[in-house]
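J.: Protein chains in written order, with this note's numbering: chain A, 1 to 440; chain X, 1 to 440; chain R, 1 to 440; chain H, 1 to 440.
One thing to keep in mind: the hints can contain errors.
Identical copies go unnamed one by one, so any copy, or any two together, can satisfy a pair.
Stated by the list, open to error - The calculated lysine-lysine pairs, modelled on DSS-like cross-linking and capped at a C-alpha distance of 25 Å, are:
no., residue 1, residue 2
1, Lys396, Lys166
2, Lys15, Lys137
3, Lys413, Lys237
4, Lys413, Lys322
5, Lys396, Lys416
6, Lys327, Lys17
7, Lys409, Lys292
8, Lys53, Lys7
No lab work stands behind these hints, which were simulated from the structure alone.
Number of protein chains: 4
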Amino acid sequence: MALTVSKTPTGSEYKVKDISQAVFGRLEIELAEVEMPGLMSCRTEFGPSQPFKGARITGSLHMTVQTAVLIETLTTLGAEVRWCSCNIFSTQDHAAAAIARDSAGVKAEEEYEKSGKLPDVNGNENEEYRTVLRIIKDGLLVDPTRYRRIKERLVGVSEETTTGVKRLYQMQANGSLLFPAINVNDSVTKKKFDNLYGCRHSLPDGLKRATDVIIAGKIAVVCGYGDVGKGCAAALKRAGARVIVTEIDPICALQALMDGTPVLTLEDVVSEADIFLTTTGNKSIIMVHHMKQMKNNAIVCNIGHFDNEIDMHGLETYPGVKRITVKPQTDRWVFPETNNGIIVLAEGRLINLGCATGHPSFVMSCSFTNQVFAQLELWKERGTGKYEKKVYVLPKHLDEKVAALHLGKLGAKLTKLTPAQAAYISVPVEGPYKPPQYRY
Amino acid sequence: MALTVSKTPTGSEYKVKDISQAVFGRLEIELAEVEMPGLMSCRTEFGPSQPFKGARITGSLHMTVQTAVLIETLTTLGAEVRWCSCNIFSTQDHAAAAIARDSAGVKAEEEYEKSGKLPDVNGNENEEYRTVLRIIKDGLLVDPTRYRRIKERLVGVSEETTTGVKRLYQMQANGSLLFPAINVNDSVTKKKFDNLYGCRHSLPDGLKRATDVIIAGKIAVVCGYGDVGKGCAAALKRAGARVIVTEIDPICALQALMDGTPVLTLEDVVSEADIFLTTTGNKSIIMVHHMKQMKNNAIVCNIGHFDNEIDMHGLETYPGVKRITVKPQTDRWVFPETNNGIIVLAEGRLINLGCATGHPSFVMSCSFTNQVFAQLELWKERGTGKYEKKVYVLPKHLDEKVAALHLGKLGAKLTKLTPAQAAYISVPVEGPYKPPQYRY
Amino acid sequence: MALTVSKTPTGSEYKVKDISQAVFGRLEIELAEVEMPGLMSCRTEFGPSQPFKGARITGSLHMTVQTAVLIETLTTLGAEVRWCSCNIFSTQDHAAAAIARDSAGVKAEEEYEKSGKLPDVNGNENEEYRTVLRIIKDGLLVDPTRYRRIKERLVGVSEETTTGVKRLYQMQANGSLLFPAINVNDSVTKKKFDNLYGCRHSLPDGLKRATDVIIAGKIAVVCGYGDVGKGCAAALKRAGARVIVTEIDPICALQALMDGTPVLTLEDVVSEADIFLTTTGNKSIIMVHHMKQMKNNAIVCNIGHFDNEIDMHGLETYPGVKRITVKPQTDRWVFPETNNGIIVLAEGRLINLGCATGHPSFVMSCSFTNQVFAQLELWKERGTGKYEKKVYVLPKHLDEKVAALHLGKLGAKLTKLTPAQAAYISVPVEGPYKPPQYRY
Amino acid sequence: MALTVSKTPTGSEYKVKDISQAVFGRLEIELAEVEMPGLMSCRTEFGPSQPFKGARITGSLHMTVQTAVLIETLTTLGAEVRWCSCNIFSTQDHAAAAIARDSAGVKAEEEYEKSGKLPDVNGNENEEYRTVLRIIKDGLLVDPTRYRRIKERLVGVSEETTTGVKRLYQMQANGSLLFPAINVNDSVTKKKFDNLYGCRHSLPDGLKRATDVIIAGKIAVVCGYGDVGKGCAAALKRAGARVIVTEIDPICALQALMDGTPVLTLEDVVSEADIFLTTTGNKSIIMVHHMKQMKNNAIVCNIGHFDNEIDMHGLETYPGVKRITVKPQTDRWVFPETNNGIIVLAEGRLINLGCATGHPSFVMSCSFTNQVFAQLELWKERGTGKYEKKVYVLPKHLDEKVAALHLGKLGAKLTKLTPAQAAYISVPVEGPYKPPQYRY
């Protein structure tokens, strides 16, 4: 889920499911604008000076109503924008239609930069990834220097997912990073807001839309107690579930305990719990041998990163397993030995995007305002040498500015430091107020 | 929302929207059965003896998946069942289709007993009620003794809503009650479960499906702090809203305060809040003059009883007001003076049924098991004179039994009283454990 | 914990620990007055007319700062007051001293009415009760008609504990009730406030003062999920404990589950939990054989009624057990087999009174305003025959008045019903607003 | 609140209030040991090798029961220890007595390093600081090279408060830091545990012990929403208060809002609120002109750093103000104009230490295990040049180890990464698991 800013023009073209949904899309976009004060402030502050004049921005990011507000903010600031979705279940067709009809072109765009030899399409366990490799391979067969040329034009990338950022740091570490990158994920107003408050909202939303099952009284296992896990565990607990956390990290585990949540292993609770959720960003968390031991109609879902947190491959290929689709994204898989079924949501992909509508506008406004600031910075500093082929984070004063742009909507009033107070704690009166290591 | 048990046969016939949805309906009914242990236990315990042999039960109750499980429980116990929905937005077409295809007939049935002179169809402010009166009037013109004959066959009624029960007690008080009635609403396992835990689940569900708006950070006004209001206020607060309660009753008001919630009047907060919810069971709570003062895109909804908690009539007839339907049940009403819009959900009717799928199966299993027990009692005691033309509540041991039937699903283990302990607190070892005035 | 109103005068005399603490007591009484708006309103409303002129009121109730405000309210209304404490650990010496110095006499008064044959002092397992019987016996040996004469003068009793009320109903049932009694315990503003909000405040207060142990992360077992148990479980959970409930009543058990709390038996968790609390109002809940199985330094305490909820006798007489008093009310009992100790608080008596200062003034103001209203009613109606030798509850309008008197202090504003709304729900505009069976 | 490790011996001597309290102190120390698994593990792991052989460790830190366990851990590892308290109200006399009787000497030790010209004792607004300067001045008059000689022997310092660390970074920045320092405050297991969970426990403890006032229903203003503010706001809200936050930092403000808490200025709410708490680490937060506007018996307290968060000087010198000491650390200050009083706790110093017993053992075990690890590192690496005259933080693997040592006590079980999973997220199987910028 990254934005890439580069230098040459794109045509206007689109591939969307149903252009007639544009009217509905536009209505929801207008509602979302009221909930996205950060992006709307960017339009007001930067729109007149057209800072993205000449910039082409390509996004690979869930094509939702909120993303539509981001796209139109970028175009309002002068950019030419191309977009492709990054998840097969997350596209909101009405939002895509409205964008396609009214503004920038939206088209599936290739995501990966690979050069030299052709990718080994079959040598990967993940089917989706094999498809990506196949597209890249086919492109390279037609035009062997394609990605090299793209690289030349590329000014920089801003990335907002934990997993994506991890890959960027790996590329930086092994010298394969070909462009400056801004890690937007680690802005406080992204990571602590989108991951925590966004999931707190959208996990129960997805669970309820998909299953209509009461959460109160149920035993729910949350695998992982990072920001996403914390948000989900809080939501489940507040809904009346008895939450159990699994963790590898002793610090996060101790946080769970201080929050009143037991920390056990999946094996300890697999046959007792009613709801299983992965939030880890890792793979192979819930395996088919776990699923076999679960209670009848246990719910299994993922809000971490990819569908490989759950062993979907193992489930699909389990001998004699039967799949009953209750409705799209809600499947009951019945094991032949016990005739017990488990209910897998969104085919193991992100439940909040597959079964609900993703994070709400307000938190996405925080995340996306970070994206806008990052893109503004990359584009403004192109050619100045300020950013090398490394991964950067946004300076804290911009992080604080993102927050500040969202306070008015909620009627908040900040206290102002006096100069004497600012001197006493050694910060500027106007901020930033915290040292870099501050954890919020 | 009442069940009526009487003595003569019905034919099999139905009016449903789309019979082809029966397959989907059946799948969801099967999932719901796993979540409704009370009803399924009734099937096991009473099914073999067919206690409803010869009984005809008519229900007027939201035609949802959960209601389908109730209907099929009644038929499993030997009853002939007819059903009509009681709310224009609450019918789940797939559930209705499955019931229509597979079991008892479902048909709109008249709800009211009125004799003598014809009703004054136009003398009522509520449009829906005028329709009911018109149907009754038309029926009486065709067959003037119709309701008298129905009354003869009628064994009794069980009723599960606060508003319905209030009407029954009024009829009892003024001598117009023509049959025995069991007030199921005041069973603890109904009133404290359905109203409280049901709304706690389904209010945020409705809000999110209808608007996708984040609740965290918002100011939400909950009108009324009875069981429904308590459940809704808890849900909103847990979702991160700042909740403000309005109340007429000082005891409920003090409860809100002890729960950390300010108690103010609607006038105090009408121009500041983001979400307004009525839960009162009374009328004329949010008037059009309130709505005019609200912030742009304030959300207005009702989870109390009828749509007259919100002044829909005043809104619809406000000069120059513009209605923009974002999607079904989500309307933006724009006032001409300010160009501000407010978002009204489910046209002022019950948000959880209009914008989501109503209460979840587990709590409805509690409510409906009370209904089954009440109907069993009425039918068994027909002709014995045990029940006069009065309103009764279920005995506490049945209330406790409803709860007991739902514990196993959640893995609970009860402690058993020793005889010495039972003697010490003067209760039977096997219950009931509490005096009648106990409030839970 | 009862108030008794009767007709002849008492002398002024007292037995308090240290009269020099009267200054400190007076300061705390003055602070408490600000937190007890119900009682202070009674002084304003009723003081001028001196309604208790001629009445002698005897109280048997924890002699705390809050009780001092009650006593002085009664005297302000014209009563002569005698007081005795009802628990060996609950007396606050400075409050007793202030009352002794400044107002009514305070003296240990006999609590029980028994006539005819002398009590069998040794035939009871409870040492404290044996002492009571001994005092009664000694009194009767000196003056055989003593209690008969007291009975003649007695106008009535108001009682505010669950256990006390249960005894009154037993006496009513078996015909041994010799006076009218008002059950103040079942006023909503007593039972749902004092028991629930009072314990929610004072349980963690007692635990922390006695042990300084963090509650977060601990496993806490709450025996009983009535109003006291609900308040305590909420307090423990909010402090970060993992709470487990034991229950005999399936309805209360299902409430616990809906609140996210597992329901198990003591046996299931006795060797895992860190904190054990009894709230049942029953006896023999935690036995010495349970205590033996507990973890080292497990905390055992009671906030129910008497110290027989915990098997203190079994513990004290356990062969080889060693008692180490860390500080008053905090004892470590070490079992010889394991050398493990358990920490018993307040010697098994009420932890909130033994280890902290009891309920806070604000909730006691609710409870005590009920007491004042009950005493006013009993005294006003003496000789009119309105009250027979039965147990009554206060009418709902007085319950609502108690609440109303406490709203202003918290800045609350009530909404007023319009006459049309009042008619619509069939209640008087000025209340009472709820039917008798309403549970809040 | 720092530990200093250096090289030459100390004599055994002490100044404690009452040595006879040593027995009680020892009992409480033994209870605390069970709650401090991190420190006890250090004794087991490091005790045999006596790593502090030859090291003299001086601590300036609240002399509590928990500190006693730290001191005895250091001596168990071979150190000679001297201690002085750092707050006039925080010393627990029984803990000090036990330490004095049984182990290392405890003596008031000077805290500041200053060289060259004598300090200007009167040129500082803070009376306590003036006392410190006076002692330093007097010492230098007697022995002008005293601090220079101390500096020579000094190996390093570990510091655990936000304020203390801030000063160290200032000294590093301006070149005046004379020794290596380890910032223990920014260990996750200190800052996010002690500040957050510790205050969440000890703030309500202090409030209740000092005032016995119910928190439910009250309006509480929390100045500052850092870790301490977050813990305190959570505690107050869970106790039923309506919490309002004041903040200067927009990010922390937005966090408060997402948690459902309004953000306003002190001026907005000063005349409405019941409880005021400072948590900022800054000065001049609540001034006397604020206090004058408060409601009668409003409670004012501080859990931040120094007593200058509250304008105690302004209050003390306010013309005509009257101070009534209800009990030690609980003063009612009455303003002459209104005759309204406010209740100031702990004379404006840390309420949890002044009015209660500070943080509970379990969180202090986390903080102090960080201290032990820091001291071990400083002493082991003395003379190796690994640490320059800079401020360091502990490496993440030690932070994770601190957490891991505390899991067993709470019955937690960690999940183990497989090598494939570890490779997938690019971390070692045994940790550390998170990048440095991770915020938890």
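J.: For each hint, tell me whether it holds in the structure or not.
T.: To see whether the hints hold, each was checked on the structure:
1. Lys396 <-> Lys166: both (20 Å within a copy, 18 Å between copies)
2. Lys15 <-> Lys137: within (22 Å within a copy, 56 Å between copies)
3. Lys413 <-> Lys237: between (31 Å within a copy, 20 Å between copies)
4. Lys413 <-> Lys322: neither (57 Å within a copy, 34 Å between copies)
5. Lys396 <-> Lys416: Classified as within; 18 Å inside a copy, 35 Å across copies.
6. Lys327 <-> Lys17: Cα proximity of Lys327 and Lys17: in one copy and across copies (20 Å, 19 Å).
7. Lys409 <-> Lys292: between (48 Å within a copy, 19 Å between copies)
8. Lys53 <-> Lys7: Answer is within: at 10 Å inside a copy they meet the 25 Å cutoff, but 66 Å across does not.
The structure shown violates just one earlier hint, number 4.
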